[in-house]
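Asker: Input sequences plus hints: build the corresponding full structure.
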Amino acid sequence: MKLAYWPGCVSRGFTPELHGAMAAVAPKLGLELVELDRANCCGAGFISEHNQELADTLNARTFALAQGVDGAAGMVNICSTCQGAQSECQERLDADAAYRAHINEHLEPEGLEYERGGAWWNKNLLWLLVEEIGLDALRERVVRPLEGLRVGPFYGCYIVRPTRRLGYELYPDRDKYLEWVIEACGAAPVKYAGSHKCCGFPIVTTNRETSLRQAGRHMADALDAGADCVVTPCPLCHLNLDLQQPESQAFVERDLGIPVLHLPQLIGLALGLDFKELGLHRHVVKTDEVQAKVAALAAA
Amino acid sequence: MPDYSLKIRRYNPESGQPAYWQQFDVDLAGCSCQAAICGSCGVRINGMSRLACNTKLGEAAEDAPNGAIVVEPMGNMPVLKDLIVDMDAVHWKKVQRVVPWLLPEGDPPDREYIVDPESMIDITQSMACIHCGACVSACLSMEVDPEFIGPAALAKAYRFVGDPRDAFTEDRLLDLAEDPHGIYDCTHCFACIEVCPKDVAPMNQIMRLRRRATSDYGIKDGNNGYGHEKAFSDLIEKYGLLSEAQLLPKSYGDGSLIRAQVKPAALKELTAKLPTVIRGLRSGKVSPKTALIHRKLKDQDQIRRMYKEVESHEDRLELNLYIVGDSDAEEEGTMAEGGQEG
Amino acid sequence: MLAHDVLVIGAGLAGQRAALAAAEDGAAVGILSKVHPVRSHSNAAQGGINAALNPEDSWESHAYDTVKGSDYLGDQDAIEIMCREAPAEILALEHLGVTFHRNEQGRLGTRAFGGASAARTYYVADITGQAILHVLYEQLMKHSEVYRYEEWFTTSLVRDGDGHIVGCVARNIRDGAMELFAAKCVILACGGNGQIYNPTTNALICTGDGIAMAYRIGAPLMDMEMVQYHPTTLAGNGLLVTEGARGEGAHLYNAQGERFMEKYAPNKMELASRDVVSRAEQTEINEGRGFPDGTVALDITKVPRKRIHEALREIVNVGRDFAGVDITREPIHIKPGNHYTMGGVKTDVDGRTDIPGLYAAGEVACVSVHGGNRLGANSLLDTLVFGRRSGKHAAEHARNHKLPQVSNTVVDDEERGIREIVGRDSGNGRRVAQIREELGRVMDEHVAVFRDEDGLLKAGETVQRLKEEARNVTIDDKGTVFNQDLLGAIELGFMLDNAECVVVAALERKESRGAQFRTDYPERDDDDWLKHIDLSLDGDRPAVTYSEVTLTQWEPEERKY
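Chains as they are written, first to last, in my numbering: chain W, 165 to 464; chain V, 3 to 344; chain L, 75 to 635.
No lab work stands behind these hints, which were simulated from the structure alone.
Backbone N, C-alpha and C fix where the C-beta goes; we use that ideal spot for every residue, glycine too.
Take the hints with a grain of salt, since some may be wrong.
A short, non-exhaustive set of chain W residues, derived as facing chain V with CB atoms under 8 Å [what the hints assert, rightly or not]:
1. Gly177
2. Asp201
3. Arg202
4. Asn204
5. Ile211
6. Glu213
7. Arg325
8. Thr327
9. Gly364
10. Gln378
11. His445
12. His447
Answerer: And the structure:
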């Protein structure tokens with residue numbers, strides 16, 4: 165499947181292991197990724213907070229670039245926040261023809277245009293896995309079922325709310341996909357209070373305490389529920405859950421140390437890729453125990 | 003009618019016993035209009051904050067774990083009895099906090115105030131709030147910071163900030179921007195938007211409060227809300243992509259790297275962040291190159307042109323789907339009437 | 075004992091307006107409500123509020139439409155006052171912050187409404203009542219000198235030996251404490267009695283408490299037979315679809331696709347007054363031209379989508395959530411349903427009842443400005459104008475009177491009554507919900523759009539039996555905290571008093587006027603019945619007397635729309 169691929173900013177900045185893992189996993193899933201290397205930041209909600217028209221213009225530009233990829237089935241992203249921010253803009257662009265025409269005027273000098281509707285879509289890897297690739301196809305490709313690995317799903321707000329904007333009418337189970345994918349990988353999903361809550365990242369610079377207390381609490385809940393690790397389709401969540409975990413511990417007054425995997429890393433493990441290729445050594449919270457558990461499986 | 007099994011959280015303060023679960027027929031305590039307008043019947047059904055009266059049993063049963071519909075009192079507020087929570091202690095206190103009445107300048111005119119028709123429709127979205135408390139119950143920031151002013155009260159605040167008859171717009175914004183539990187304490191999780199039965203979209207109103215505070219009044223708050231937004235938007239203008247390494251220091255310097263070095267508060271914040279950055283470097287996550295040198299997008303000039311083009315309008319263009327609805331695109335566009343925010 | 079100059083019971087529009095007016099005039103005000111004020115039923119007023127504010131319009135025209143709408147039973151002096159004061163009231167609300175719809179010039183804009191000869195209905199989308207209620211509550215939050223007793227249930231009014239009102243007894247719903255409130259005057263503003271019917275557009279709280287409490291201490295009630303059936307309510311649950319829908323251009327069709335209002339009101343069509351439209355619908359349904367579910371169709375699809383979105387949003391939600399219909403795409407089935415109490419506690423134009431110191435305003439009262447049929451968008455106006463006038467007059471009254479001495483024995487009496495209810499053996503009597511259900515059905519069957527003597531007598535017998543049964547009604551909850559069960563039992567008593575008075579008055583009026591249509595007396599009879607029916611408690615039954623209808627400048631004529 166050929167896809168226009170939007171990796172987002174963070175996967176090429178502070179979470180390079182995500183970008184690498186996706187690059188390693190894609191061919192194994194039969195995906196041909198055409199990276200949108202000229203596309204711009206989605207704005208992560210901050211550009212639209214600053215100026216909605218600007219955010220819509222910037223994302224219309226990304227969509228137009230994606231629509232220009234010949235033979236692509238659609239656009240894929242690997243970041244819940246990109247998905248949410250882009251869906252927000254797409255909702256407005258799709259809702260009103262006159263507004264869309266106005267935004268397209270900003271793209272005209274470069275010969276770009278966003279066209280509404282049709283079969284074109286923009287999906288997070290998680291949605292792509294279930295809806296386009298299919299869980300059966302994923303299961304068929306699993307060479308190393310992650311038996312015994314207990315994984316807490318962490319979705320990221322932008323991919324679960326608001327449901328009306330995020331296509332839940334058509335796909336009502338999108339808030340269960342992460343559990344399904346964990347199962348398809350042979351691992352056991354762990355139920356805990358924070359799986360669909362907020363990591364707190366958007367306010368880490370404006371209210372550090374409210375931000376990190378959320379991150380810490382969810383990781384503590386996952387630990388208490390018996391998770392070996394957490395998996396997230398959102399690199400921004402990853403920043404608060406992994407990079408900031410040593411800081412967030414202080415706000416929940418306990419030791420955490422729970423590894424947080426990116427979605428392609430978890431799939432990569434099940435597809436038999438090696439740890440280094442998946443960048444598992446590039447985490448702040450060491451993934452050694454997860455690696456050991458998986459290594460033991462491979463040996464078995 | 004099919005049989006429904008309800009699992010209800012019961013609590014009787016007079017019994018001296020803790021709350022317990024009981025499975026039986028519907029037994030809702032606060033309930034009046036039965037038409038989703040009085041806001042008395044806010045509860046959590048299968049974990050979701052909502053009005054009981056417009057919840058269809060059949061649909062709730064489909065989502066019910068183990069077949070029993072789970073009904074609990076709302077969250078983030080103390081329980082008084084069974085499904086009744088103390089809204090006075092939380093919700094109404096917070097509403098009172100935002101000075102919830104119109105403050106016009108001087109004496110009223112002889113006739114009505116003459117105002118832009120769109121502005122009245124615009125704030126009617128906030129007026130549509132029925133104070134059911136669903137958003138307060140679902141608020142994820144309030145869950146960790148009970149002092150957060152919260153979605154309902156901030157939406158109420160926008161009802162005055164967006165009202166052209168109010169003369170204290172800037173003071174209101176300054177107040178809400180400077181409060182550590184104000185507009186910059188919203189974690190942007192969409193939970194309030196999801197649960198609101200009236201499409202008030204409280205988080206959107208909070209974002210509009212932020213937009214007014216920064217873009218219209220240039221309020222440089224002590225919470226770095228201004229700095230963060232400015233830094234973010236400037237970085238994208240300059241580079242097209244986000245660099246966290248520059249975002250942090252710029253945020254604390256009201257968007258300026260230089261000021262971040264000399265502003266004492268900024269220095270303090272930055273020093274607090276230092277361990278994180280060092281850890282990022284040490285884990286091999288971040289190379290000194292990524293940390294310090296920002297990649298610039300190919301075709302960055304396009305982004306700059308778009309910034310210029312959009313930001314040179316006198317009026318910000320804002321399409322509020324609450325007002326215009328989804329016109330199905332094939333129908334005539336409605337943008338011309340669709341909400342110019344002055 | 076708690077004491078106030080002016081005690082307002084009920085915190086909907088009339089109550090809040092009265093409290094603010096009394097406080098403005100310097101009175102120490104307390105306001106009691108059995109629900110939080112923003113839960114009041116004023117919320118449900120969707121369509122708007124009438125005023126002749128445009129220079130081309132006139133208060134006389136508004137007053138004439140109201141008089142004609144009332145089928146000449148409204149008191150014209152009161153109607154003149156209401157219509158004359160309406161424009162100032164709208165402007166006052168606008169200045170307080172109500173987000174009224176604007177026209178393109180940024181001035182207050184109007185929509186058309188039933189029975190009106192000009193578009194004079196001012197509105198906030200279709201949440202007008204809610205918007206005004208919330209803005210008044212903003213003012214209450216601002217004026218902290220008005221003391222609010224939220225979630226306090228009034229069980230009875232108290233008079234002294236001279237017959238003067240001296241306060242009330244109320245129960246704090248949160249902890250069950252019974253308190254005596256002493257007051258120089260009391261303003262009743264606790265709404266109508268829609269819950270005596272099932273279905274009804276009214277909230278569960280609309281149990282006629284104020285009407286019954288006033289009646290029990292001797293205040294006369296007036297025009298109790300005049301019960302409005304709204305033309306557009308959902309079958310089954312009775313939810314309201316605003317008249318604003320027809321004001322925006324929606325049409326009514328029978329099952330044969332005929333726009334039947336052509337036959338009944340060729341000029342005003344769907345915008346004839348409510349009694350006329352409801353009767354037309356019921357005739358179509360009774361004569362077999364309705365849908366199998368006993369309804370006719372309201373077609374809103376004619377209204378442009380954007381306009382629906384901006385002006386009828388609530389109806390979109392009601393259709394979707396409660397009828398499973400997308401009103402922007404298909405017609406919705408509706409029928410006449412119980413909606414409004416035109417009658418109530420008899421008052422003068424300052425809200426004074428026959429009991430010194432006792433006032434009433436809003437739906438609980440009968441001034442009468444609505445007579446036999448209330449025009450759409452006149453109810454909010456009634457609450458505000460007479461709420462304000464009552465508040466002002468009460469403040470003036472309070473200035474000239476001393477705080478009364480009240481003995482606490484009245485609280486003991488009330489507590490004894492409550493202990494008796496709580497002490498009943500559950501299992502011996504019927505339950506509140508069962509009696510309520512039977513009452514509602516019987517009223518909707520026999521005391522509805524069309525009435526006759528047989529049906530009314532049957533209804534009367536049922537009400538008497540239910541009154542007996544209510545004396546032994548049993549409840550499960552014996553506690554003190556939020557004991558809604560107990561309050562339900564007390565409300566049931568209020569409701570049955572209301573129902574009894576409605577039936578007695580409907581039997582009494584042997585003609586057809588406004589909402590009272592007697593198939594056995596199908597004509598209006600001005601010679602014998604151009605008069606109010608007043609009911610006063612005599613022993614344990616209502617005694618009937620009559621009072622004159624005040625005519626000023628409009629002689630009764632035949633009513634055509």
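Asker: Hint by hint, note whether the structure agrees.
Answerer: Going through the hints against the structure:
Residue-level restraint check for Gly177(W) holds (minimum Cβ-Cβ distance to chain V is 6 Å; threshold 8 Å). Satisfaction of the interface hint for Asp201(W) is found here, the shortest Cβ-Cβ separation to chain V being roughly 7 Å, below the 8 Å cut-off. Given the 8 Å rule on beta carbons, the hint for Arg202(W) holds: about 5 Å separates it from the nearest Cβ of chain V. Among the interface hints, the one on Asn204(W) holds; its C-beta lies about 4 Å from the nearest C-beta in chain V, closer than the 8 Å criterion.
Annotation: Ile211(W) was flagged as interfacial toward chain V, and the flag holds, the nearest CB pair being 6 Å apart, inside 8 Å. Hint status for Glu213(W): holds, given a least beta-carbon distance of 5 Å to chain V, under 8 Å. Among the interface hints, the one on Arg325(W) holds; its C-beta lies about 4 Å from the nearest C-beta in chain V, closer than the 8 Å criterion. The interface hint given for Thr327(W) holds, since its Cβ lies 6 Å from the closest Cβ of chain V, which is under the 8 Å cut-off.
Contact between Gly364(W) and chain V, as hinted, is supported at the beta carbon level, the nearest pair being about 6 Å apart and thus within 8 Å. Because the closest C-beta pair between Gln378(W) and chain V is about 5 Å apart, less than 8 Å, the hint holds. The closest approach between the C-beta of His445(W) and any C-beta of chain V is roughly 6 Å, which is under the 8 Å cut-off, so the hint is satisfied. The beta carbon of His447(W) is positioned within 8 Å of a beta carbon in chain V (closest approach about 6 Å), and the interface hint is therefore held.
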